[in-house]
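What follows is each chain in one-letter form.
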Amino acid sequence: MDNKIMVKLVVGTEAMFFLCLIMVFVYFSLLPEFKMQQIKNLDISTTSQFTALLLFSSFTYWRAEKNFNNGMIKRFKFWILFTLILGILFLLGQAKEYVKLLSSQVTISSSIFGTSFFTLTGFHGLHVAVGLIIIGIITYLTFIGDYDYKKSSIVSAVGVYWHFVDIVWLFVFFIVYVMPHLS
Amino acid sequence: MEEIFIPKPEKPIPNLSISNDQGLLQWISSVDHKQIGIMYLWLTVVFLIIGGIEILLVRIQLSIPKNHFLLPETYNQLFTMHGTTMIFFVAMPAIFGFSTYFVPLMIGANDMAFPRLNALSFWMTFFGGSLLYFSFLAGGAPDAGWFNYAPLNQVNFSTSKGIDYYCSGLLLSGIGSVTASINFIVTILNYKVRSMSLKQLPIFVWMVLINSFLVLAAFPSLNAALAMLLIDRQLHAHFFSAVAGGSAILWQHLFWLFGHPEVYIVILPIFGILSEVFPVFSRKSIFGYAFVVGSGMAISLLAFGVWVHHMFTTGLGNTVNGFFAASSLLIGIPTGVKIFSWLATMYGGSLRFSVSMMFAIAFLIEFTIGGLSGISFAIVPIDWQLTDTYYVVAHLHYVLIGGTVFGLFSGMFYWFPKISGRVLDERLGKWFFWLFVISFNLTFLVQHALGAMGMPRRVYTYPNISGWGILNFISTIGAFLMAVSFGLFIYIVLKAMKKGEIASSDPWDADTLEWTTTSPPPLQNFDRVIPIKSARPYRDYKLRNDADFKIK
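Line by line, the protein sequences are chains A and B.
Read in order, the letters of the first sequence are residues 0 to 182 in numbering that gives the first Met the number 0.
Read in order, the letters of the second sequence are residues 0 to 551 in numbering that gives the first Met the number 0.
What the hints contain is simulated information worked out from the structure, not anything from laboratory work.
On a predicted model such as this, the values are computed, not experimentally measured, just so you know.
Certain hints may be false.
Claimed, not checked - Mimicking DSS-like on lysine-lysine, the simulated pairs with C-alpha atoms at most 27 angstroms apart in a straight line are: (1) B/K429 to B/K498; (2) A/K76 to A/K150; (3) A/K99 to A/K34; (4) B/K497 to A/K3; (5) B/K497 to B/K429; (6) B/K198 to A/K7.
Work the whole structure out from these sequences, hints included.
Right, dumping it as structure tokens:
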């Protein structure tokens, strides 16, 4: 159980990290013209679709974990691969959005909006990427047969991290993309 | 006798094809908690010498009015590096060193929960410090003070690469601190010997546990601030530059949201050390075990509600100032509970005045002075008058030296026999104690007066105002005497390592599990652990008829 407690503690300390970044974003979003830039530059409908993919990946990971714990390695392989693909699609969506913003001269140094937007979503993307690397390693180890017989707490430990990354995105999505359209 | 459940370690690091059981390679490749603890402590000594030399140069500069011993730029770099080094690379590694060495021993475990993560934590700290000092070679050290306020930390004010190294060095060591703390929590919760309940944990272990949660909650704020500053400086973002819409005060909020808990992070484990030392040398159990532990928890919770008392002069308004003044005054209560617990522990005990105990008793006095001057800062008008003067310098050195360093020396004299198998010379130790106490007070007591007379901190030089010259000169003499006394301490340690008196496994007739194994402990700490029925299991074992659990 060591692994699972460790990951929970990591998630706790990471939550504090994101809390700081989110508070900074909220603090700057009170500035005049910040909301206008949010509405002008961010395309909420495209991002919603990629958000749905990331949320769905939490479901697929949950299925993978369930099957792993029941010893259904074949199904586990399917669901973990599915999760990996969804995660990659989310990152591609984020990359596409970044390219679009950069080409319309919204950069990290162009304005305080760019600064806080790229930092917050960038750090979240970094965490998704780290999660994908770990899931990639698990997938690889599964396909070469390392997890065929013995139970391991690794899968459920990584699950805690992966769901955490999803939940953080829900907050980020609400504050960065949805909030300016309310009120 | 009870079997413990950790498999026996046979080699310091398995699966390595080259021979690694000798010399430097054994240390570098080690994942053994005792070796890593010792490396933390040596790292502390190295950085203490470096940070000490830096401040001696600063004190020479300040010894007389209108002095030009240093260049102003060098002066800024030296006091910045002194503060940063002492907080992050002396206080932190010293505490992690004792914690890494003694937490597994005190809970009957054979190693930390994640030995490799433990090694990673140490090397992160090591390379973080190295990176910070590399800045001297890369065109100049950081020069905006250890708390590195905006806008001074922006590229246009500090053009050298120093602050970039400050950010990356502290980020690395910060990650090391977080991983170490995660490791402590898992170790304490999962690897304490099964029969030891939470109410029987040694208080030092309790304090490390509480402290680890404090690290996990506080360091992300620093790491976020450092990352943002690095983005500002490297990618020309605008977090802290007011010109482009950013906010300079944001840095202060993020930094002190970490910075105030940080000063409790470097004192809570010290409270733990003292809670081991006082009972052993008073031959009584700790007075009010639950209150000592509970007040530790109270301190760690209050720690997150007081940071604005570092910012009373920034104009946040009377409501905010009033709230944070009240919360800061509250901190005095749990700290006072602890002080009275230790006094009550000594009361009626049969005291033994070993060097360790003398440092612990001196701690009570010096730390209380620092605590009282701290309370005076919680009162907003006094803070407005005294902020950024030498009164602050005096206050923070009374809590960080009179508190943390005195506690560390107490722990060093107490635990050195266990670490090395040899006893530190008590007679020379007493010389060292008195020299250190006198020189410390000589250096910093006068700075209260300097601050009250209005001398600002961090000034490069000062005019010949009556009283300033002589008080600064006294302070400089005190600083050099402190350096001499620290040299004496190093001599005592080296002498003991070479030809010190051999220590028995239990030289102080102590109460906790680390004294049941040999001095120094073998690679595998324990085969079997004595039964644990109270917070003083070893005493129960030695004095079966007078055991704690029989009295209750």
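Taking the hints in turn, this is what the structure says about them:
no.	hint	result
1	B/K429 to B/K498	19 angstroms, holds
2	A/K76 to A/K150	15 angstroms, holds
3	A/K99 to A/K34	19 angstroms, holds
4	B/K497 to A/K3	45 angstroms, violated
5	B/K497 to B/K429	20 angstroms, holds
6	B/K198 to A/K7	24 angstroms, holds
Comparing the model with each numbered hint stated earlier shows that hint 4 is the single one that does not hold.
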